[in-house]
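Protein sequence lines correspond, in order, to chains A and B.
Oh and the first sequence: position 118 is 118 in the working numbering, straight run, nothing missing.
Oh and the second sequence: position 162 is 162 in the working numbering, straight run, nothing missing.
Just so you know, these hints were derived from the structure itself, not from any lab.
Take the hints with a grain of salt, since some may be wrong.
To be verified - With a straight-line Cα cutoff of 25 angstroms, these simulated BS3-like cross-link-like pairs (lysine-lysine) come out:
1. LYS174/A - LYS128/B
2. LYS5/B - LYS2/A
3. LYS295/B - LYS128/B
4. LYS171/A - LYS132/A
5. LYS121/A - LYS333/B
6. LYS171/A - LYS4/B
7. LYS526/B - LYS174/A
8. LYS522/B - LYS171/A
9. LYS174/A - LYS132/A
10. LYS333/B - LYS2/A
Said to hold, decoys possible - Some chain B residues near chain A, calculated using beta-carbon distances under 8 angstroms:
11. LEU169
12. LEU187
13. ALA188
14. ARG204
15. ARG205
16. TYR246
17. GLU249
18. PRO330
19. ALA331
20. PRO337
21. ALA338
22. VAL339
23. PRO345
24. PRO346
C-beta atoms are modelled at their ideal positions from N, C-alpha and C, and glycine is treated no differently.
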Amino acid sequence: MKTDIKLAGVGGQGILSIATVLGEAATAAGLHLKQAEVHGMSQRGGDVQSDLRLSTDPIFSDQIPLGGADLILSMEPMEALRYLPYLGPEGAVVTSSKPFVNIPNYPDEVALLAELDALPKVTRMDIDAVAKGLMAPRSANMVLLGMAARHIGILAPEDLRQAIRTVFARKGDKVVEDNLKAFDAGYEGIQ
Amino acid sequence: MTVKKLLLGDEALALGALHAGLSGVYAYPGTPSTEITEFIQNDPLARERGVRSRWCTNEKTAMEAALGMSYAGKRALVCMKHVGMNVCADAFVNAGVTGVKGGLVVVAADDPSMHSSQNEQDSRFYGKFALIPFLEPSDQQECYDLMAEAFRLSEEVRLPVLLRMVTRLAHSRAAVAVGEPGPQNALAPDEERTRWVLLPGNARRQYAALIDKQPDLLARAEHSSHNILKEGKGLGVIACGIAYNYVREVLPEGVSLLKVSQYPLPAAQVRALAAASDEILVVEDGQPFVEEQVKALLGVDYPVSGRLNGRLPRTGELNPDNVAAAFGLPAGKVHQPAVNLAPRPPQLCQGCGHRDVYTALNQVIAEYPTARVFGDIGCYTLGALPPFRAIDSCVDMGASITMAKGAADAGVHPAIAVIGDSTFTHSGMTSLLDAVNDNAAITVILSDNLTTAMTGGQDSAGTHKFEAICLALGVEREHLHVVVPLPKNMEEITRIIREEIEYKGVSVIIPQRECMQTLARKNRQKRAQ
Numbered sequence: 001m002k003t004d005i006k007l008a009g010v011g012g013q014g015i016l017s018i019a020t021v022l023g024e025a026a027t028a029a030g031l032h033l034k035q036a037e038v039h040g041m042s043q044r045g046g047d048v049q050s051d052l053r054l055s056t057d058p059i060f061s062d063q064i065p066l067g068g069a070d071l072i073l074s075m076e077p078m079e080a081l082r083y084l085p086y087l088g089p090e091g092a093v094v095t096s097s098k099p100f101v102n103i104p105n106y107p108d109e110v111a112l113l114a115e116l117d118a119l120p121k122v123t124r125m126d127i128d129a130v131a132k133g134l135m136a137p138r139s140a141n142m143v144l145l146g147m148a149a150r151h152i153g154i155l156a157p158e159d160l161r162q163a164i165r166t167v168f169a170r171k172g173d174k175v176v177e178d179n180l181k182a183f184d185a186g187y188e189g190i191q
Numbered sequence: 001m002t003v004k005k006l007l008l009g010d011e012a013l014a015l016g017a018l019h020a021g022l023s024g025v026y027a028y029p030g031t032p033s034t035e036i037t038e039f040i041q042n043d044p045l046a047r048e049r050g051v052r053s054r055w056c057t058n059e060k061t062a063m064e065a066a067l068g069m070s071y072a073g074k075r076a077l078v079c080m081k082h083v084g085m086n087v088c089a090d091a092f093v094n095a096g097v098t099g100v101k102g103g104l105v106v107v108a109a110d111d112p113s114m115h116s117s118q119n120e121q122d123s124r125f126y127g128k129f130a131l132i133p134f135l136e137p138s139d140q141q142e143c144y145d146l147m148a149e150a151f152r153l154s155e156e157v158r159l160p161v162l163l164r165m166v167t168r169l170a171h172s173r174a175a176v177a178v179g180e181p182g183p184q185n186a187l188a189p190d191e192e193r194t195r196w197v198l199l200p201g202n203a204r205r206q207y208a209a210l211i212d213k214q215p216d217l218l219a220r221a222e223h224s225s226h227n228i229l230k231e232g233k234g235l236g237v238i239a240c241g242i243a244y245n246y247v248r249e250v251l252p253e254g255v256s257l258l259k260v261s262q263y264p265l266p267a268a269q270v271r272a273l274a275a276a277s278d279e280i281l282v283v284e285d286g287q288p289f290v291e292e293q294v295k296a297l298l299g300v301d302y303p304v305s306g307r308l309n310g311r312l313p314r315t316g317e318l319n320p321d322n323v324a325a326a327f328g329l330p331a332g333k334v335h336q337p338a339v340n341l342a343p344r345p346p347q348l349c350q351g352c353g354h355r356d357v358y359t360a361l362n363q364v365i366a367e368y369p370t371a372r373v374f375g376d377i378g379c380y381t382l383g384a385l386p387p388f389r390a391i392d393s394c395v396d397m398g399a400s401i402t403m404a405k406g407a408a409d410a411g412v413h414p415a416i417a418v419i420g421d422s423t424f425t426h427s428g429m430t431s432l433l434d435a436v437n438d439n440a441a442i443t444v445i446l447s448d449n450l451t452t453a454m455t456g457g458q459d460s461a462g463t464h465k466f467e468a469i470c471l472a473l474g475v476e477r478e479h480l481h482v483v484v485p486l487p488k489n490m491e492e493i494t495r496i497i498r499e500e501i502e503y504k505g506v507s508v509i510i511p512q513r514e515c516m517q518t519l520a521r522k523n524r525q526k527r528a529q
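Only chain A is shown next, with the shape it has when bound in the complex:
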């Protein structure tokens, strides 16, 4: 059994924290894992992505092949679309619906969301608004992870909750609580 996840977003949006939580959960569950990150200049407000591969069997390539991703998990709707060629035929897209506009030629929002919604399996939500509503504006990425939890069959939601506790423990109880709240809001929000 395997789950290949393409994580996407804009530099600074916190996709690597999502990867860290998934990595922690996978390690605790005894799964094999490879996670290729983007470091360096490409983080400065540019597009960023990370390939996360989880499997019960050994994994070879650090990169997900074209058409191989079970899930595109994106902090930004246009960034979700950027990696469509990597999405498998049965793959799902879970994304924030709120554009992050830091370029002059950002596409028309209505057309962009329509293109997203035309995909076979897509879940989108304004995760920033949800996180703000919870008074945890820095936890939008955990809302997204909560939304994705139903698509990550290889890990149970409780595995992810436990990983959130472990990963954020050193930042204090309040941060752990905010992130768990955000995760649950994402998880429940798409029922």
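Place chain B on chain A using the hints.
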């Protein structure tokens, strides 16, 4: 006891070095190598053992200091990105001639596809050039394991060992089984004076000794447990370093496979593979280094393919898709690329001082149609992109000042250099001395954000010393200015740039304001305390 840790390839190298009894790491930050040194800087064992780990001024000072530590009998590590090899090449190549005492391992992190670099040079050529053994891990576990072997090998053959990484492995995380830390070497400076004094008479003897070591190095590669030949039928595949993973990901059953992670290239294994196969496909990330050697080894009649004949792309990183295509495997069904999509290039942070520098510079040079701005390597290279489009060149570390000088020598005016603080101490100081000695009519903008920002905010070697350095190099006091790049100071900054462009000699303007990212990080740390 063995425990499993989730580590980046870079981190696995760092921990491998620490567990191998490292006494010092010497490095200049450079993507994708930076995390090796950062890991050691933050590691409790390294702190407890007093492992030397501060950033160096450039890759050459790093290489030389590491050679000095090796001379003294201790184990030293040098880390850099691939282009850093060009900077330290003098020391690196001659360290092969002197040889080493304590184990000396040099990590060169190559960047196929140029994720954050200006070329795709393959550091394995440097290993062959220097006639030393070199290693190429295929995964994170091998990063950890090979580091210990590299130190052992270095001390056994008394040569530096090159360890070649690629971005994808450096920045990818996986579980690594790690062991216990071993002891550090005791201080034991080398007593053999002649091999370290490379006067021609000694150098000839040393070079002959280096040549004499080659059969042993080859034999070690032939019998390395990291070079594995599995014989099958039909097609024979040579997979080097990380390429092994892509091959295993898509491998059709039954082909013969030679995994190569230790060099010099194991020629007998290549011949054995060739004998068991009808043709050979070489899969390697970077340049066709092995492919050329295999062709030479097997002769023109033996069919060898790879990057040279287009079976694999000649440029760019390998991936499971182009490797699958090289095996003739059909591509799966994929979604069409999206329509509502625009590129999102990286950009200077909002509020960054470099932005104010370019705003001022653009304002002034709009008045000078013949102006040329020579850029350099750093965040401020992004000044080439919209909205600034402010620089005309970016070539190598320090080139801004010297290219501006050469262009000024040829008659270009105004000739302006834009260089960052860390790049200036790395390779710009000698350039400035040349310009001063020639009284070149150039204006140097030394944009000082008090850090090495592009690689993530490492300490910059010259912080708080730039005025003193410029004066000492001979820049005249009245043509050296420090300004604070903020919108409210725009009038002062543009006036100074204009005046100094009109001055027919060397001027240096230092816009000085801390990087937004390091400032925010410091504030976060303060709040946390």
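* **25 angstroms limit on alpha-carbon distance, applied to hinted pair LYS333/B and LYS2/A** => It holds: about 19 angstroms lies between the C-alpha atoms, which stays within 25 angstroms.
* **Holds or violated: LYS526/B to LYS174/A, with C-alpha atoms at most 25 angstroms apart** => The hint holds at about 18 angstroms.
* To do: With chain A as the partner, please determine if PRO345/B meets the hint condition of a C-beta pair closer than 8 angstroms.
  => holds, 5 angstroms
* To do: Closer than 8 angstroms between Cβ atoms is the bar; does VAL339/B clear it against chain A? Give me holds or violated.
  => VAL339/B check passes; min Cβ-Cβ to chain A is 6 angstroms, inside 8 angstroms.
* **Hint consistency between LYS295/B and LYS128/B [alpha-carbon to alpha-carbon, up to 25 angstroms]** => This hinted pair holds, its Cα atoms lying about 17 angstroms apart.
* Does ALA188/B pass the interface hint, meaning its C-beta sits closer than 8 angstroms to a C-beta of chain A? -> violated, 38 angstroms
* Given the hinted pair LYS121/A and LYS333/B, is their alpha-carbon gap at most 25 angstroms? -> Holds: LYS121/A and LYS333/B sit about 16 angstroms apart, inside 25 angstroms.
* Hinted contact PRO330/B with chain A - closest CB pair below 8 angstroms -> violated, 11 angstroms
* Asked: Does LEU169/B pass the interface hint, meaning its C-beta sits closer than 8 angstroms to a C-beta of chain A?
  -> holds, 7 angstroms
* Measure nothing beyond the straight line between the CA atoms of LYS174/A and LYS132/A; if it is 25 angstroms or shorter, mark the hint as holding. => holds, 15 angstroms
* Is the hint on ARG205/B kept, meaning its closest Cβ partner in chain A is under 8 angstroms away? -> At 44 angstroms from the nearest chain A Cβ, ARG205/B fails the 8 angstroms test, so the hint is violated.
* Is the hint on PRO337/B kept, meaning its closest Cβ partner in chain A is under 8 angstroms away? -> holds, 6 angstroms
In summary, the structure is inconsistent with hints 1, 12, 13, 14, 15, 18 from the numbered list given earlier, while agreeing with the others.
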